[in-house]
Amino acid sequence: MSENKKWHSLDLGLNKKKEASGACGCGKSQGSCNSQEEELSADEFYEAAINASIGDERQRDGFEQVFDVKMDRRTAFKKLTASLLIGAGAVSTSCSVVAGDDTKEKAQIDWEEQFKGNYKLMNDEEKQGTINRLMRSYELRTGKNISMTAENAEEDVLFGYAFNISKCQGYMDCVSACVEENNQDRNSQMQYIRIHEMKDGEGFKFDKADDNYYHEVPAEGHFYLGTQCFHCDNPPCVEVCPVQATWKEEDGLVVIDYDWCIGCRYCMAACPYDGRRFNWSKPEVPANEINKNQHYLGNRMRKKGVMEKCTFCVQRSRKGKNPACVDACPTGARIFGNLLDPNSTIRWVLENKKVFRLKEDLGTEPKFWYFMD
Amino acid sequence: MKNKNLTYYFLILLAVSFFSCKKEGEYHSITDKIEAESKPYHGKLTSDELLAGSELMEITEGKHTFLILERKGQIKSFACIECHSKPVTQMKSLDGQKAHWDIKMNHANSEIINCATCHNGKDMNNLNSLTGKNIDFNLSYKLCAQCHSSQFEDWKGGAHGKKVAGWAPPRASMTCVNCHNPHSPGYETRWPVQFNTQKGIERKEGLDH
Numbered sequence: 001m002s003e004n005k006k007w008h009s010l011d012l013g014l015n016k017k018k019e020a021s022g023a024c025g026c027g028k029s030q031g032s033c034n035s036q037e038e039e040l041s042a043d044e045f046y047e048a049a050i051n052a053s054i055g056d057e058r059q060r061d062g063f064e065q066v067f068d069v070k071m072d073r074r075t076a077f078k079k080l081t082a083s084l085l086i087g088a089g090a091v092s093t094s095c096s097v098v099a100g101d102d103t104k105e106k107a108q109i110d111w112e113e114q115f116k117g118n119y120k121l122m123n124d125e126e127k128q129g130t131i132n133r134l135m136r137s138y139e140l141r142t143g144k145n146i147s148m149t150a151e152n153a154e155e156d157v158l159f160g161y162a163f164n165i166s167k168c169q170g171y172m173d174c175v176s177a178c179v180e181e182n183n184q185d186r187n188s189q190m191q192y193i194r195i196h197e198m199k200d201g202e203g204f205k206f207d208k209a210d211d212n213y214y215h216e217v218p219a220e221g222h223f224y225l226g227t228q229c230f231h232c233d234n235p236p237c238v239e240v241c242p243v244q245a246t247w248k249e250e251d252g253l254v255v256i257d258y259d260w261c262i263g264c265r266y267c268m269a270a271c272p273y274d275g276r277r278f279n280w281s282k283p284e285v286p287a288n289e290i291n292k293n294q295h296y297l298g299n300r301m302r303k304k305g306v307m308e309k310c311t312f313c314v315q316r317s318r319k320g321k322n323p324a325c326v327d328a329c330p331t332g333a334r335i336f337g338n339l340l341d342p343n344s345t346i347r348w349v350l351e352n353k354k355v356f357r358l359k360e361d362l363g364t365e366p367k368f369w370y371f372m373d
Numbered sequence: 374m375k376n377k378n379l380t381y382y383f384l385i386l387l388a389v390s391f392f393s394c395k396k397e398g399e400y401h402s403i404t405d406k407i408e409a410e411s412k413p414y415h416g417k418l419t420s421d422e423l424l425a426g427s428e429l430m431e432i433t434e435g436k437h438t439f440l441i442l443e444r445k446g447q448i449k450s451f452a453c454i455e456c457h458s459k460p461v462t463q464m465k466s467l468d469g470q471k472a473h474w475d476i477k478m479n480h481a482n483s484e485i486i487n488c489a490t491c492h493n494g495k496d497m498n499n500l501n502s503l504t505g506k507n508i509d510f511n512l513s514y515k516l517c518a519q520c521h522s523s524q525f526e527d528w529k530g531g532a533h534g535k536k537v538a539g540w541a542p543p544r545a546s547m548t549c550v551n552c553h554n555p556h557s558p559g560y561e562t563r564w565p566v567q568f569n570t571q572k573g574i575e576r577k578e579g580l581d582h
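Chains as they are written, first to last, in this note's numbering: chain A, 1 to 373; chain B, 374 to 582.
Please note that the accuracy of each hint is not assured.
[Said to hold, decoys possible] Here are some chain B residues pointing at chain A (derived, C-beta under 8 angstroms):
(1) LEU423
(2) SER427
(3) GLY531
(4) GLY573
[To be verified] Simulated coverage check for chain B against chain A, where a stretch passes if three residues somewhere in it have a Cβ under 8 angstroms from a Cβ of chain A:
(5) 537-543
(6) 557-563
Keep in mind that the hints were calculated from the coordinates and are not lab data. For each residue, glycine too, the CB sits at the ideal point set by N, CA and C.
Full structure from sequences and hints, please.
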């Protein structure tokens, strides 16, 4: 019967069963052949459906799934040619006699950058290597110099932040200082910091708060509260990253390797504070507005399709400076410092003011406290 | 024999649990971590370089010792007695140039405060405490602290006010008058420095995420 079929039907393992069991044609070992056909149990059906849909991919790991696939000759040739072309292109540019030295160097840099490892696993020499390449590449592309560093976390330093709700007046000087400092995309007007304008007497209602107001501030009957990345000590965003492109450094900063990020946005979904931003398009900053003091993990130029967020201005804080938002705040609502130093002002705030954090019950342990006068 | 074995097992269990607890999630909370690893910072990062351009002076208030910005050098018309050579009442009647014409008092009300609350007409080069003692212009925060005692407490600890530069030691704080105009100390209302038009559009179109 199945030989003459003119349609294709899924092989749910029914045929096999028939052959294997019993001598009788209907596949039953018990009862009469005329009795009703036995139905598959739920478990068996599930098993069979999976087998039919993904088959042996279930047993193969990532490598085999990519390389050990059945394909016809035509597809195989197509794929081979494409990869050969890419390889040949790279090789010919770097070895070509015609291409200029600059083009060759650029190709060489691009090649090495393409195949570099995760920043998290690099030793100091490799870190220096990649920032040198990035600086040279920027010079070759634009003819201008930038200074990029790769300072590691200092010993005995754990960065923390405190925000005085009674002092914030909603001027948003912090927001614009942050954008300028961190080379954020001007087209999409990306901002790490959000200042929420909330009604007095209603408590924290983030869904009702306005974080994009434009009127004279402070508005009567309102108070202001800023949020940004809280650099959690137990960061859920790090937990969910499938490629470990984001991690917590020794000094408590949660950072991203923009070159390792695959742009899946899991971290964005995992963050309970809306601290992360995604580059939907290629970030663009006018040449004269680019901040040229950069850090690999901080404000260096990003590309399309990667995550970014506040780094407590790693390019500044690891040099002993305050983040740009702290320096820009005209009211002194923002306090930054070393949580491990008992003489630091941030420690005085934590020990002497009534501090709290947002969504403390989640156990994310943000290093960003709020307090009031 | 059995007892001995049991003791060994127990010891191994203890050792294993000890090591495994220390590995991941060493501390129960960030406050535990801060408490346990707390240690005065004497690392290589300092604010010295950032503070190099500022005139600073060290003060000690209660338990706190830190730097503040020197003030006298910043006041354009200091020393005051260069002009104030005779009592103010006599100078007022003079015709001609009027100094300090732009000063408008907007600080509490005239029942509580007037010029003489802080300035000493007989010694213009110094400020004047409520009990009539001299206060140096460089230490003007002492004058403010007479009324604003809670702000003073917060300022000493570092919860009120700003640092001159950098988080790393040494601590250099701005004083009251670096942010507040003593004659009109309140902050004015003003417009935010920017508006995010993109966010505005996205909200209107319901594209906000």
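Comparing the hints with the structure gives:
Of the supplied interface hints, the one on LEU423/B holds, with its beta-carbon coming within about 7 angstroms of a beta-carbon of chain A, less than 8 angstroms. For SER427/B, the shortest C-beta to C-beta distance to chain A is roughly 14 angstroms, which exceeds 8 angstroms, and the interface hint is violated. Below 8 angstroms, beta-carbon pairs count as interface contacts, and GLY531/B has one with chain A at about 2 angstroms; its hint therefore holds. A least Cβ separation of about 6 angstroms between GLY573/B and chain A falls short of the 8 angstroms threshold, and the interface hint therefore holds.
Restraint check on the stretch 537-543 of chain B versus chain A: 5 residues with Cβ-Cβ distances below 8 angstroms, three needed, restraint holds. By the rule of at least three residues with a Cβ nearer than 8 angstroms to a Cβ of chain A, the coverage given for the stretch 557-563 of chain B holds, with 3 such residues.
Consistency note: the structure conflicts with earlier hint 2 alone.
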